[in-house]
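Participant: With chain A held as given, fit chain B onto it using these hints.
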Amino acid sequence: AQKVTQAQTEISVVEKEDVTLDCVYETRDTTYYLFWYKQPPSGELVFLIRRNSFDEQNEISGRYSWNFQKSTSSFNFTITASQVVDSAVYFCALSAGGNNRLAFGKGNQVVVIP
Amino acid sequence: DGGITQSPKYLFRKEGQNVTLSCEQNLNHDAMYWYRQDPGQGLRLIYYSQIVNDFQKGDIAEGYSVSREKKESFPLTVTSAQKNPTAFYLCASSLQGAWNTGELFFGEGSRLTVL
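In order, the protein sequence lines correspond to chains A and B. Just so we're aligned, residue 40 is where the first sequence starts under this note's numbering, counting upward by one. Just so we're aligned, residue 244 is where the second sequence starts under this note's numbering, counting upward by one.
Derived from the structure by calculation, the hints contain no laboratory data. Incorrect hints may appear among the rest.
List of simulated lysine-lysine pairs, DSS-like, C-alpha gap at most 30 Å [unchecked claim]: (1) 42/A x 300/B; (2) 77/A x 313/B; (3) 42/A x 326/B.
Okay, chain A solo, but in the shape it has when bound (with noise of 0.2 Å):
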């Protein structure tokens, strides 16, 4: 079976600090895929990033980047420079064993106060 762990449920930050989300996740099979995805207080869910299992390598976008450990089964995110639009629900989620669905975890609430 698959698992996500996010571990913290509400994150405040002040504009400009930098917050990271933590994800651990859990499966058996050797080939996975992590992502993240973004729910604004719109409602619908926005995809940021894929890695697969075999790429370990860290990614920057902008302000966001991602920490991919599989020692530790981690697939951490880091916003840098927060700004109030970054408020939002961040779900990490997991595809594994080749079928066709993700796995989510609980989300991180992040609030951005200017």
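Facilitator: Just chain B now, with coordinates in the frame of chain A:
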């Protein structure tokens, strides 16, 4: 504009009534999904369909039913058998199965409240 349209956005239902939530996509995607979101619970998969006239149960299918008669449409019926139907329902689609691309496109959701 291409995307996923869910309706209605808000829905109130009396206990014992069935309700149907609409989901339409014009992205020409093969796969479609229904998720349920509860506070502090994340997203849980109800049903998914990879092709027209075929669908599979997700993790919490009891009390729900779906159909996939057209590629662009995947309606969800919340039946009276669903014990706790008050929730936020999200429909999604993907070009292929999520296994291949992982990029799901989501609608804005339907919030169902049982009175």
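Participant: Now tell me, hint by hint, if it's right for this structure.
Facilitator: Cross-check of the supplied hints:
no. : hint         : verdict
1   : 42/A x 300/B : holds (18 Å)
2   : 77/A x 313/B : holds (29 Å)
3   : 42/A x 326/B : holds (25 Å)
Hint violations for this structure: none, all hints satisfied.
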